[in-house]
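Novice: Just so you know, the protein sequences line up as chains A and B, in that order. Per the working numbering, residue 1 is the first one in the first sequence, and the count goes up by one each step. Per the working numbering, residue 1 is the first one in the second sequence, and the count goes up by one each step.
Identical chains blur together in the list; that is why a pair holds if it fits in one copy or across any two.
In the DMTMM-like style, the derived pairs of lysine to aspartate or glutamate whose C-alpha atoms are separated by at most 20 Å in a straight line are: (1) LYS16 / GLU75; (2) LYS93 / GLU35; (3) LYS34 / GLU125; (4) LYS93 / ASP112.
Derived from the structure by calculation, the hints contain no laboratory data.
There are 2 protein chains.
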Amino acid sequence: MPAPAPQRVTSAAIVKFRAFEEENGTLVPLTALKEIPFPIGRIFYVYGVAAGDIRGEHAHRECHQMLVCLRGICEITVDDGTETRSFALDSPKQGLHVPPTLWATQRYGSRDTVLLVVTDQPYNEADYLRDYDAFLAFRGVARRRAANG
Amino acid sequence: MPAPAPQRVTSAAIVKFRAFEEENGTLVPLTALKEIPFPIGRIFYVYGVAAGDIRGEHAHRECHQMLVCLRGICEITVDDGTETRSFALDSPKQGLHVPPTLWATQRYGSRDTVLLVVTDQPYNEADYLRDYDAFLAFRGVARRRAANG
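Kindly produce the complete structure, drawing on both the sequences and the hints.
Specialist: Structural data, given as structure tokens:
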């Protein structure tokens, strides 16, 4: 299978989920190939992050991700090497689809933030680009200072 | 494919997850057919439940579920028509695998509880047994008063 074409930041998109709000709580379902636009190979969740701390700071060559903030607030910035775009996730009723080839960082807004990530692939270290210069080379972009916004 | 054989409550089991505890937070990965002992067809999460409120109260004919309490505390009771068993989930580092054919209820211990459920199948109303007498008939058990413990 050929590697996916590099995506622009405009390919990262908020997806609104259907929430079943009942008297005794709210239920949000995420089905593979429905609300999640890919098969589900793995999920992971992150918690216990100090307010203001940054995680992520890598890109994936092929892996799709859907990021959902289940509690608290998390600011996600995506970067295609040319342009950046930020999203504030503060509700379990929406997710951010981050397609492969975008550099992404997450800034946790509060200690009680819980971030759920749904991916199409099992963990594969070879899929990660963890060095920003290597990411720019992968994108075919000359080294620059990251733009804001 | 034949329907799965009815399970006893002893088939419901706590699964310990590997947690990557780092300086800037904890990450827990759940991979299909690895930490999750089935393919992942759907996930859902429940939040905003008043302390003490009960949800669930149904069985699945074929669907497997892994329940994970991401925040707060949730008491899960499983019932095979003959015997019941309860588990207190209070950590994101473990899950409860509930195989099909068991009646399950969840008692939410605090308003901030977030319960994540991973299942092998998309939603299918025909897979649900929502009436306790119908569940007992499905299990081939005469009506009784539910035992405690």
